[in-house]
Structure formats: structure tokens, C-alpha cells
Amino acid sequence: MRRFALSLLFLFAVGGALLPAGIYTMGQSLWWLVLATLSLSRLYDRIKRKHSQSLMDIEVLSLVLLFIHAVSENTGGMHSPFLASYVIIVLLSSLYANFTKNMAVVAGIIFLEITPVLLVPPDEGMSIRLFFPFIILALIPSIVRVFLQSQQLEKEVLQEQYERIQDGVASLEVSLYPDERGNGAQLLEEKKEEEAAAYADQMETNLENLLQLIQSSHPEVTRSVVMLNNPEKEYLWVCAAKGRDDHVGIHRKKVLLGKGLLGWIAKEGQTVLISDLRNHNERLDYDDGSVPICSLIVVPIIDEGRLEGLICIDSTKDHAFSERDKKLVEHVAKEIIRVLHYYRGQQRLSAQTKEHATLLKFTKNLGSKLDLTHRLEATISSAKEIIDFEACFIFLVEPGERRMTVKAVRGYDTEIIGHSFPITNGLLSLIVKNRQDLAFSNTLYAKMETPPILRRKENKIFPDGCKIRLPSHSFLGLPMQIEDQMIGVVLFSSEKDDAFTTYNRHILKIMCNHVAVSINEAKAHDQVKRLSVTDGLTGLLNHRRFQERLLEMFDLVNRHPAPFSLLMIDIDHFKKVNDTFGHPAGDAVIKKVSSILTKLVRKVDVVARYGGEEFVVLLVKTDSALAFKMAERIRKAIKSNPASWKGEKITTTVSIGISGQPEDATRREDFVAYADRALYASKQGGRNRTTLYKDVKVTTLSEAG
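FYI, the numbering for the sequence shown is 1 to 705, going by the working numbering.
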């Protein structure tokens, strides 16, 4: 029904030229109504996909042509600027539809625009210029067709070259690592494929040289062809070919094992000598039909029971080959196996050389800095040069092996660094407890779409309490340990199946042994570094480090002015605590005070043990008024939280002095001296109090006056 309505619209559009007033004045509303109804119907079907795509395309094109025709008739007819829209429609149709449909579109345009002119000629008369644009329109599909055919031919040539490269790579990889057939150890895919392609190209040249020797030694040989086996896809492909003439006549299509004459010979693994092929109805798979083949020798290339390919020798003469020639070709097949061994060995040696060079570079880079973060990042970067992975984590195991912490990550949100979780269950926990590397494929636990009920039945990577959620098809975890001491775990994850091989594990285990020793060195260095700047009893910064931070602060405010304040804190009657309870009790009091100070101040502030029972707090971007409020909080908290010693509560108080920058001092020496003077005033005033230096200064001036 819809196509019938479209046909009527076409006829009315053409027949409108014969009407005195024209269809676009008399029946315009009805015509537009039918056109709009059909268009909306086609749009609805396009959304719902109710009809076949081919019919929909034809009807949509017809509606578009009718619309352009209607608009052009109302804006000047044959002289309307909207007629140029037909060029765009024909071009689009030529790119996305076949040639027959394109010509149908052009015919529709000519029918709509030319037929009315032929039926009712214009007043100015007929001329070739009137029809010239439509002649150009008719040529567009042919021009586009020729262009697309040339592009398709070029694409097919490039595709054939690409497939040859891929087949060459597969032929070299087949025995690279015999224990992992199809899963050869991987460098980064791009580098590996580039190198394998170069070796495959060299191998093809050497094989062609061997075939040239056959051509030279036997005048009856017309063509000699080497076909190699792609073990993953189970087909033979033409790797090298030589002909006596410039035109070799080779068709490089794939030969499925067991299909056709050559496929059957490859499957059976038997040498075949055929003296007369005239009655053979089917062409040989590699033959393009331009060379009449009469004689043929086919020898399977077999290495240790594994099919490597075929070598085919043909001739245009009957009975061209003898048993002696068959033996010669079998000997050439053995030489081809040696060529394959050579290039596979070269590729294996090159891969191992690169991996060993990476390990050497890694070892040097690892020792360049003692910083732990640098060494962990160097480990991940070097691992990336050896294997391809989506994500890598380095976990360090805490003493007691009850918890572990994320210390470095690649391919995951870095916010996870520092996250600590218990070692309870999951594959990660097994590595820690058993001290053995672990590799799994198809670890689908982390897939977000897996229902929680099913997840418990699958391989769970991370323990309960760990925040990491990672889609993973392949998982490799390697322990880092020194003797029986567990240092940590390096974990690799990939979204590919069977991404990590035994060879990967071997190389990376060597790396992990270096990393374990390196981490111990870095930890020892960090410990020495930390002890050099912190107080051994409290863990706070020591006097020397405090002076360095104070100097840094003054340098900073010289560039970016901002207030800051210093609290100098002294424990009241501390000697009495030591005399009454002993020095260990005094140490407990100092620890308690330092703990309260650390909890109350901000992370940006600096807390240090100044010496003995004295502490200092540097409050960043804080004036004296705010510093006074913080000091009072500290003073009251220390008084209300006594230290415990052997079941007894030791209540202590503190005296605090405050100086501010720049309101009290602009020099570092004065800044500390004024806080000390304010502290002395607090002690003189009865202890357990806070004093601002500006109050001390006012009192001193009053007394002097």
C-alpha cells in the first residue's frame, strides 16, 4: 500500500505539469499531507526496525526525491537553486548503496524533472544546457563505482600483505617455547610483532634463494612454491614462490588442511609425485590458472612429527620428474626446516637478550636511589617492558603477616596507595601464606556484572576488607621474600585469557628477588633517615629537624607572606615525677603529652620535642589570637588526660608561651626567643597557664615606665 502511494505521488508530481494551475496550487495541501504521512511512517519503521533495510532505503530515497522536487517546483522549477541537492543525494547513494540502486535514484530524478519539461516545453525553448546537469548526475554513480573498485582492490592488496606478515609471525612463533604452544613468552605486542615481521621477511628471502637453486639445477621446473602452516588457524599459506618466467602465476589464497589435493597431502604427511595432471579437473590451490600444470612433486615439511608446511615443484611438461627429483626436493625440505630453526632461534635469542638487558637496566636503575617509592615505581616500569598487563600492584606485608598495604600501583586509581587490609582469604592471601607464585586464568570474580551469590564460588583475588575491584581474566602473583621473611607481593592482572606464561614467571621471579633485597635496603635507609630527624622516644621531630622546618617556614613567608605562631610547651614539675615514680614513669608522661599534641594539631602543623620535657608546636597560617585558643585546648586536654604507670594515674600540667610572626618577630632568632620568654612568664605566674609574648612585652614596658 505504501509503495502504491509512493507511485501515485511520483505520477502526480510529473502529471502536475499538464494541469492548468499545477498540482502545487490546486492539490498542494493533499499532496503534502500524503508525503508527510509516508515520511512519518518510514521514520517510525526506521526506529522500530519493522521492515527490511533494503526496502526502507528505497522508500526513504523516494520520499527525499519527492520532497526536493516539490520544493524546487515552488522556487523556480528548472532554475531553482534547490536542484543542486540532487548532487548530494546521488553522491551519498553512490557511497552507501550498490550501482543498481544508484542508477534507480538517477532515473527517478530524471523522471521527476525531465518528463514534465518534455510534456510541456518551456517558453524559451529546449536546449542541451537544460539537460546537461542531469547528464552529469547520470555519470556520478559510474565515476564513484570506479573509484570504490580501485579502493577495494588496494585494500585487498594491503590485506593480503598484512595476512602474509601475520602468517610469517605465526610460523616463527610455533616452536619458540615448545612447552607453551600458542602462548609464547611476550614482550610488548607491538615490539614483538615488528621484530617477528622483520625475521619473517628475511626468512622469505632465504627460502626464495633455495627455490632459485632448484630452478637452476632442473630445467624442467616451471614453478617452485613453499607453503607454511599456520598452526592456530589450521591452514597453509604461500610464503615463497619462484617461477622460470617473470609471470609466476601464483594465487596466494589459504589452503585448509584436509581440503583439496594440497590440503589432503598436508593432512596425510606423505610425499606425492604426479606425472600427468591433464585430467585433474581442479586447479592447484596456489595456481591462478595461467600456467598449464602437467607434472607435480609435493613434499610435506615435517619437523619432529609436526607439520611445518609443503614444498611444491611443478612443470608444464608430462613426466618431467623422476624419483631422483623427489629425493632432491625432500632434501630441500630438510634445508627449509634448518632455515626455520635458525630464524626461530634468532627470534628467541633476541627476545631473551632484550629481557636480560631490561633486567640489567632495572638492576642499575634500582640501585640509583635508596628511596623506596622510586624503587617500587622502577619495578613496575621494568615489568611493563617484559610483559603486557592492564594493572600492576605492589603490596608490602606488615610484621606478623596479618595485614598488607598497597605501596605502588599502575593501571588503577592511585588513591588506593596506602590502603591497608587484613590477610584473610583470596588468592593474594595464599601467596603470602604458601610463599609461592600463583597464576590463574579466567579469574572472573572481579567482573562487576557477576551476581554476589555466584562470586563466592569463583576465584577470589583480594581478601575481604580490600577495596580493590578489578576486572581480570588473567592473574599472576609473585611473592617477594628474603629467606623465610615475607616482604610483599607483586600482582599483575590482564583482561586477556592466558596472558601470563611460565617464561614470564621465570623472568619476573628473578626481578622480584632483586626487589625484595632492594626494599629491605630502602626500608633500612628510611629508618636511618627517620631516626636522624625524629625523637626516638616520642617519634616527633627532633630539635635539629624543627630548626630546619622553621627556617623553611621563614623562607616561604618571605615569598608568600602569611602569619604563623609558635607554642613553646614545658611540663610542670617534671623533676618531681621522676623523683617520685622513676624515670620510666617520666618517659610515659612525655609519650602521653606527645600523643595529645599529635592528635590536637592539624597535619600541616609541626610538632617537635625541643629537649627534655619541652615541646614546640609551629602553627601554620595562624595568628596569635587563634594560637592562644589552640594552646588552651592543649593545656586543658593534658590536664584532663593523666598518664598511666603501673596502675597509677599521673596527672600533669603544662605551661605554654606563644610568639607570632610578623606581629611579634620577623627574624627566626627573635621568634623562638620571644616564645621562650612568654613560657618563662607562664612559669613565673604560677604554671599551668598560657601567655602571649605581646602581654609580656606590655608588662615589661609598664614596669620600665
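Worth flagging that the hints you see were computed from the coordinates, not collected in a lab.
These numbers were taken from a predicted model, which means no experiment stands behind them.
Just so you know, not all the hints are guaranteed correct.
In silico BS3-like pairs for lysine-lysine, Cα to Cα no more than 27 Å straight-line [to be verified]:
#, residue 1, residue 2
1, LYS575, LYS592
2, LYS575, LYS621
3, LYS603, LYS646
4, LYS433, LYS317
5, LYS629, LYS697
6, LYS621, LYS646
7, LYS253, LYS267
8, LYS467, LYS603
9, LYS267, LYS254
10, LYS576, LYS636
11, LYS591, LYS467
12, LYS509, LYS575
13, LYS636, LYS694
14, LYS467, LYS384
15, LYS683, LYS575
16, LYS603, LYS576
17, LYS599, LYS575
18, LYS646, LYS636
19, LYS433, LYS509
20, LYS253, LYS233
21, LYS629, LYS591
22, LYS575, LYS496
23, LYS639, LYS649
24, LYS334, LYS384
25, LYS384, LYS407
26, LYS496, LYS509
27, LYS603, LYS575
28, LYS591, LYS603
29, LYS636, LYS599
30, LYS683, LYS697
31, LYS576, LYS467
32, LYS326, LYS384
33, LYS621, LYS697
34, LYS621, LYS576
35, LYS496, LYS591
36, LYS591, LYS646
37, LYS629, LYS646
38, LYS636, LYS683
Hints and how they fare:
1. Distance hint between LYS575 and LYS592 is fulfilled; the C-alpha atoms sit about 16 Å from each other, no more than 27 Å.
2. Of the pairs offered as hints, the one joining LYS575 and LYS621 is violated, with about 35 Å between alpha carbons and a cut-off of 27 Å exceeded.
3. About 32 Å separates the Cα atoms of LYS603 and LYS646, which puts this hinted pair outside 27 Å; it is violated.
4. Among the hinted pairs, LYS433 with LYS317 is inconsistent with the structure: their alpha-carbon atoms are about 74 Å apart, more than 27 Å.
5. Distance restraint check for LYS629 and LYS697: the Cα-Cα separation of roughly 20 Å lies within the 27 Å cut-off, and the hinted pair is therefore satisfied.
6. With a C-alpha separation of about 41 Å, the suggested pairing of LYS621 with LYS646 is violated against the 27 Å cut-off.
7. For the hint pairing LYS253 with LYS267, the CA-to-CA distance comes to about 18 Å; that is within 27 Å, so the pair holds.
8. Between the alpha carbons of LYS467 and LYS603 the distance comes to roughly 25 Å, so the proposed pair stays at or under 27 Å and holds.
9. About 15 Å separates the Cα atoms of LYS267 and LYS254, which keeps this hinted pair within 27 Å; it holds.
10. For the suggested pair LYS576 and LYS636, the alpha carbons sit about 20 Å apart, so the restraint of at most 27 Å is met.
11. A distance of roughly 34 Å separates the Cα atoms of LYS591 and LYS467; the hinted pair therefore is violated under the 27 Å criterion.
12. Using a Cα cut-off of 27 Å, the hinted pair LYS509 and LYS575 is violated, with the two alpha carbons roughly 57 Å apart.
13. A hinted pair counts as satisfied when its Cα atoms are at most 27 Å apart, and LYS636 with LYS694 qualifies at roughly 22 Å.
14. With a C-alpha separation of about 24 Å, the suggested pairing of LYS467 with LYS384 holds against the 27 Å cut-off.
15. This hinted pair checks out: LYS683 and LYS575 have alpha carbons roughly 15 Å apart, not beyond 27 Å.
16. Taking the CA atoms of LYS603 and LYS576, the gap is about 33 Å. The hint is violated against a cut of 27 Å.
17. Our distance criterion of 27 Å between C-alpha atoms is met by LYS599 and LYS575, whose separation comes to about 26 Å.
18. Note on LYS646 and LYS636: the hinted pairing holds, with a Cα-Cα distance of about 24 Å set against a maximum of 27 Å.
19. For the suggested pair LYS433 and LYS509, the alpha carbons sit about 17 Å apart, so the restraint of at most 27 Å is met.
20. Pair hint LYS253 plus LYS233 holds up; C-alpha atoms about 14 Å apart against a cutoff of 27 Å.
21. Of the pairs offered as hints, the one joining LYS629 and LYS591 holds, with about 23 Å between alpha carbons and a cut-off of 27 Å not exceeded.
22. Between LYS575 and LYS496, the direct Cα distance comes to roughly 69 Å. Violation of the 27 Å bound is thereby established for this hinted pair.
23. As the CA atoms of LYS639 and LYS649 are separated by approximately 12 Å, the hinted pair is consistent with the 27 Å bound.
24. At most 27 Å may separate the alpha-carbon atoms for a hinted pair to count; LYS334 and LYS384 exceed this at roughly 39 Å.
25. Distance hint between LYS384 and LYS407 is fulfilled; the C-alpha atoms sit about 17 Å from each other, no more than 27 Å.
26. Taken as a hint, the LYS496 and LYS509 pair is honoured in the structure, with Cα atoms around 21 Å apart against an allowance of 27 Å.
27. In summary, the hint linking LYS603 to LYS575 is not supported, as the alpha carbons are separated by about 31 Å, beyond the 27 Å threshold.
28. This hinted pair checks out: LYS591 and LYS603 have alpha carbons roughly 19 Å apart, not beyond 27 Å.
29. With a CA separation close to 14 Å, the supplied pair LYS636 and LYS599 stays within the 27 Å bound.
30. Only pairs whose Cα atoms come within 27 Å are accepted, and LYS683 paired with LYS697 is accepted, the gap being roughly 16 Å.
31. With a CA separation close to 50 Å, the supplied pair LYS576 and LYS467 exceeds the 27 Å bound.
32. This hinted pair does not check out: LYS326 and LYS384 have alpha carbons roughly 50 Å apart, beyond 27 Å.
33. With a CA separation close to 23 Å, the supplied pair LYS621 and LYS697 stays within the 27 Å bound.
34. Of the supplied pair hints, the one linking LYS621 and LYS576 is violated, its CA atoms being roughly 37 Å apart against a limit of 27 Å.
35. In summary, the hint linking LYS496 to LYS591 is not supported, as the alpha carbons are separated by about 53 Å, beyond the 27 Å threshold.
36. Straight-line distance between C-alpha atoms of LYS591 and LYS646 comes to about 15 Å, which keeps the hinted pair within the 27 Å bound.
37. With a C-alpha separation of about 34 Å, the suggested pair LYS629 and LYS646 falls outside the 27 Å cut-off, and the hint is violated.
38. Under the criterion of a C-alpha separation no larger than 27 Å, the hint pairing LYS636 with LYS683 is consistent with the structure, at around 16 Å.
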